[in-house]
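Engineer: We have chain A; now place chain P with the ligands onto it with these hints.
Going down the list, the sequences are from chains A and P. Numbering follows my numbering, with no gaps: position 281 of the first sequence is 281. So my numbering is basically just the index in the second sequence, starting at one, shifted up by 343.
Take the hints with a grain of salt, since some may be wrong.
Beyond 12 angstroms from chain A on every Cβ pair, some chain P residues (computed) [said to hold, decoys possible]:
{"no.": "1", "residue": "Arg364"}
{"no.": "2", "residue": "Asp409"}
{"no.": "3", "residue": "Val467"}
{"no.": "4", "residue": "Asp481"}
{"no.": "5", "residue": "Phe504"}
{"no.": "6", "residue": "Asp515"}
{"no.": "7", "residue": "Tyr549"}
{"no.": "8", "residue": "Pro552"}
{"no.": "9", "residue": "Trp554"}
{"no.": "10", "residue": "Asp557"}
{"no.": "11", "residue": "Lys605"}
{"no.": "12", "residue": "Ala648"}
Pulled from the structure, derived: some chain A residues nowhere near chain P, Cβ distances all over 10 angstroms [as the list claims (entries may be wrong)]:
{"no.": "13", "residue": "Lys18"}
{"no.": "14", "residue": "Asp36"}
{"no.": "15", "residue": "Met42"}
{"no.": "16", "residue": "Leu106"}
{"no.": "17", "residue": "Met119"}
{"no.": "18", "residue": "Arg208"}
{"no.": "19", "residue": "Ala215"}
{"no.": "20", "residue": "Pro255"}
{"no.": "21", "residue": "Trp297"}
{"no.": "22", "residue": "Ala309"}
{"no.": "23", "residue": "Tyr315"}
{"no.": "24", "residue": "Arg335"}
{"no.": "25", "residue": "Gly339"}
Partial pick of chain A residues on the chain P-facing surface, computed with a CB cut under 7 angstroms [to be verified]:
{"no.": "26", "residue": "Tyr49"}
{"no.": "27", "residue": "Arg69"}
{"no.": "28", "residue": "Asp70"}
{"no.": "29", "residue": "Ser74"}
{"no.": "30", "residue": "Ser76"}
{"no.": "31", "residue": "Gly137"}
{"no.": "32", "residue": "Gln139"}
{"no.": "33", "residue": "Val311"}
{"no.": "34", "residue": "Pro314"}
It should be emphasised that the hints constitute simulated quantities derived from the structure, not laboratory data. The beta carbon of each residue, even a glycine, is placed where N, CA and C say it ideally should be.
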Amino acid sequence: MTGTEVTGTEVTSTEMVKTTYREAMRDAIREALQRDDRVFLMGEDVGRYGGCFAVSLGLLAEFGPERIRDTPLSESAFVGAGIGAALAGMRPIVEIMTVNFSLLALDQIMNNAATLLHMSGGQCNVPLVIRMTTGAGRQVAAQHSHSLEGWYAHIPGIRVLAPATLADARGMLWTALQDPDPVLIFEHGSLYNMPGTLPADAGAVDIRSAAVRRAGTDVSLITYGGTLGTTCAAADALAGDGIDAEVVDLRSLRPLDDETISGSVARTHRAVVVDEGWRTGSLAAEVCARLMEQAFWDLDAPAERVCGAEVPMPYPRHLEEAALPRAEAIVAAARRAVGGGLT
Amino acid sequence: MSTAAAKALQPRAAHQRDLLRQMLAIRRFEDTCAELYSAGEIRGFVHLYIGEEAVAVGVSAALTADDSIVSTYRDHGHALARGLPLDSVMAEMYGKTTGCSRGRGGSMHLFDVSRRFYGGNAIVGGGLPLAVGIALADKLRGDSRVTACFFGDGAVAEGEFHECMNLAALWDLPVLFCCENNLYAMGTALVRAQAQTDLALRAGSYGMPAWPVDGMDVLAVEHAARSAVGAVRAGGGPHFLELRTYRFRAHSMYDPELYRDKSEVQEWKKRDPVALLAGRLRDSGECTDAEFQAMSDELTAEIDAAIAAARAAPVEPVADLTRFVYHPEPK
Ligand SMILES: Cc1ncc(C[n+]2csc(CCOP(=O)(O)OP(=O)(O)O)c2C)c(N)n1
Ligand SMILES: [Mg+2]
Numbered sequence: 001m002t003g004t005e006v007t008g009t010e011v012t013s014t015e016m017v018k019t020t021y022r023e024a025m026r027d028a029i030r031e032a033l034q035r036d037d038r039v040f041l042m043g044e045d046v047g048r049y050g051g052c053f054a055v056s057l058g059l060l061a062e063f064g065p066e067r068i069r070d071t072p073l074s075e076s077a078f079v080g081a082g083i084g085a086a087l088a089g090m091r092p093i094v095e096i097m098t099v100n101f102s103l104l105a106l107d108q109i110m111n112n113a114a115t116l117l118h119m120s121g122g123q124c125n126v127p128l129v130i131r132m133t134t135g136a137g138r139q140v141a142a143q144h145s146h147s148l149e150g151w152y153a154h155i156p157g158i159r160v161l162a163p164a165t166l167a168d169a170r171g172m173l174w175t176a177l178q179d180p181d182p183v184l185i186f187e188h189g190s191l192y193n194m195p196g197t198l199p200a201d202a203g204a205v206d207i208r209s210a211a212v213r214r215a216g217t218d219v220s221l222i223t224y225g226g227t228l229g230t231t232c233a234a235a236d237a238l239a240g241d242g243i244d245a246e247v248v249d250l251r252s253l254r255p256l257d258d259e260t261i262s263g264s265v266a267r268t269h270r271a272v273v274v275d276e277g278w279r280t281g282s283l284a285a286e287v288c289a290r291l292m293e294q295a296f297w298d299l300d301a302p303a304e305r306v307c308g309a310e311v312p313m314p315y316p317r318h319l320e321e322a323a324l325p326r327a328e329a330i331v332a333a334a335r336r337a338v339g340g341g342l343t
Numbered sequence: 344m345s346t347a348a349a350k351a352l353q354p355r356a357a358h359q360r361d362l363l364r365q366m367l368a369i370r371r372f373e374d375t376c377a378e379l380y381s382a383g384e385i386r387g388f389v390h391l392y393i394g395e396e397a398v399a400v401g402v403s404a405a406l407t408a409d410d411s412i413v414s415t416y417r418d419h420g421h422a423l424a425r426g427l428p429l430d431s432v433m434a435e436m437y438g439k440t441t442g443c444s445r446g447r448g449g450s451m452h453l454f455d456v457s458r459r460f461y462g463g464n465a466i467v468g469g470g471l472p473l474a475v476g477i478a479l480a481d482k483l484r485g486d487s488r489v490t491a492c493f494f495g496d497g498a499v500a501e502g503e504f505h506e507c508m509n510l511a512a513l514w515d516l517p518v519l520f521c522c523e524n525n526l527y528a529m530g531t532a533l534v535r536a537q538a539q540t541d542l543a544l545r546a547g548s549y550g551m552p553a554w555p556v557d558g559m560d561v562l563a564v565e566h567a568a569r570s571a572v573g574a575v576r577a578g579g580g581p582h583f584l585e586l587r588t589y590r591f592r593a594h595s596m597y598d599p600e601l602y603r604d605k606s607e608v609q610e611w612k613k614r615d616p617v618a619l620l621a622g623r624l625r626d627s628g629e630c631t632d633a634e635f636q637a638m639s640d641e642l643t644a645e646i647d648a649a650i651a652a653a654r655a656a657p658v659e660p661v662a663d664l665t666r667f668v669y670h671p672e673p674k
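This is chain P alone, in the form it adopts within the complex:
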């Protein structure tokens, strides 16, 4: 948002408009990615976060720049909410050297260690042990950082999830486990994959505070995340949020969606997190339709510029194929 507008608004309203802008940025970015994918400009596996934006934006709002984040293959939202420059994320989608992972990772592997963003991990559950270890390092050094670890409902079935819950609780580590329960792991509905579908209850059995949150309402997410992060930072050990959300699009770009009813998707779309907050701010007069449109146009221009920059950016030379296998690089 423009600084003039920010000054004119109450801090609370300015903050909420900022949350809206962040969610809208993710939405526009990903709508564009879907088009670019269809056009063949970006490739590989691309998992869209559309419908789940309130989770990344709400949790990130509760973190400081010094906290750490571990993400999944569905990582565009986490990365943008963390403040990775849109340009660098777009360039990564194009596999260019200006990408946040120098183009080596692509959509599923966004990294930016300067922002303590420890990456998109594409092995389900694979990020949890990393988050536990980052938090262990912080604890050993006496730092007051929190590590937020995102993962899906599907990951809760993996052994690594349970091993990590136990380890984090046993060692009292400063981790915020953020379970994005969107009711499906690819085509497998939660009820057909989990004997106990109350995921917060299961996390609670490891002796850590855990509760469900309306993941479509960014303000509810932020509120829950603030209290959890505060408690973790104060030495309260790991906390677990079950963020109840829904993915509006296919699991990845190839998915005939045989496993769910269109009507179910329509029902959830009524609680679209972007529309929900936009509606509230419209009703309170804090973001008019015209202002929303201006915000949207601004984002479109930013994304267009990012695409132009990504297209023009260089690729890594083939001679550098085996770089980044060891560090420091052997000569």
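Just chain A, same shape as in the assembly:
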């Protein structure tokens, strides 16, 4: 069962509606607010301003300032308050403008949200959802552009999600809110304007499994979030060369769906992991390590990584582009894997 199937062949009778990633996310928040009166949204500029990426635009008028709650610039305080409210029975959705600013709340996320359950001997679970924007691509330089979801995926006690499709933008939030533990949702800033269609009754999706976005036989391109599009473009380019690439979207970065990942590599025997985060100690490194542990005998070539360059993001466009995983680099890595492999 994969997340995509919810909006794929199983749903046949409903009408399709045009939407964007941003609107899908907004619809998900609206639905949560309508279905569960314990849910509220809180964060900087989510109300009057409409959200720094306009995700919550219009929700203040619909739900009022108690449930669409503007906060001061106090990341540690309002994330911590979200944890407290969750402990006390609410279902907060906390929005942090970008992952770089989440570092001001890292203490609360790591030392409280992820830890309370264990150190209370199972008494204090934290049913909290934290959403934040991640990633580069808008020339906003070295304090606004990073992909630190891999760091968060290091932390036991939280779930880390990366919706890369409209269906996941629409469907992950509700499922995350049903989870008894803290869930972090990373929305890549380049995705908000992504257009497409969804069934009118699109809703919850599973948040446990990876999804095969494109089936192939020659090489597994494994990625998530903002680089799914680039990776699919690379798969198209490879098809032109007669290389049939499979594309795996991780969807859940913690826990990882080992079965889907290893299953894909068992079919293709080659893997290229694409990750916008810095290479050293990256999520891509974790995926490669697991392939070594779990799929070593299936591999016909060393697993490849295409990651972000190890540099705080420079401002100029040409340097930012050079710092990010590009389709050409993915294609080259896939060719190396296929060409260098055993036959």
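Structural biologist: Coordinates of chain P with the ligands only, in the frame set by chain A:
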């Protein structure tokens, strides 16, 4: 201003004309940046200081070249008032190697350590600890420098602000905290973000002298800054100025401004800091309309030249992508 004109004027009038010129330079520079942004020539996040020029210019006038400055992402005004060459700031907007941060930083990260300008920091409140540390170094070495730290009203809600107020006061550090209270943190009005909106009162609770200043009047800002800087330099410990000002433009280049009334903006524009000083100098005969126009034309020419130079300047080669990650650079 031309040297001939400077000689002919009384020192006071010459000084005020210089303040006017500096404010006008920031205004023209940023009007131009808005156009260049719309034309796609400069990118990223660009936060305009238009309406707040009196703060940077008035505070900078009270500092010596040996003092230090820490700025925010809304840093064009602070940088130009500090005397960073207009060319180098413009080139930074273009991401060129001739920029003050070699193009690596862009609008939000202007740096010039040769002028003790320790940068545009784009994490709200993130500059305050740096300012405390720079002042600590000065104190440990027995230097008589002052560090001026600019930040917005929004930063006052951050934990880092309060930690820094306490540390600076506890250790008696030579910092001038310059809070630019423009009544909004992005779309969040001061009254909806601060339980106590009297920001000087809050700073005062840490035991440092703190008072509000009319941030639209450059002479009032300069006067307040001179007395605060003097006291800090004399060993009086940190001081705090709440500079009451207003941003005339959007928070950044994308902002539908749903959170404030147009009439409120219009009201504040009546106290435009550039017009305010220009009007005074016109009334006293110290800067006629014709002289103002000449000043403006001169600045336009300077900015045009800076744009031409920035366009022609080289970008860093992609091969150098990972430079400046460690120092000295590993081979
Ligand atoms: C820690 C952190 N949180 C959020 C942001 C996003 N942000 C950038 S500027 C800003 C408003 C800051 O307001 P204020 O301090 O009053 O300065 P102003 O922009 O008014 O000059 C916000 C929320 C940020 N850069 N850093
Ligand atoms: Mg402000």
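Engineer: So, against the hints stated earlier in the document, which numbers end up violated here?
Structural biologist: Violated hints: 3, 5, 22, 23, 27, 31; rest satisfied.
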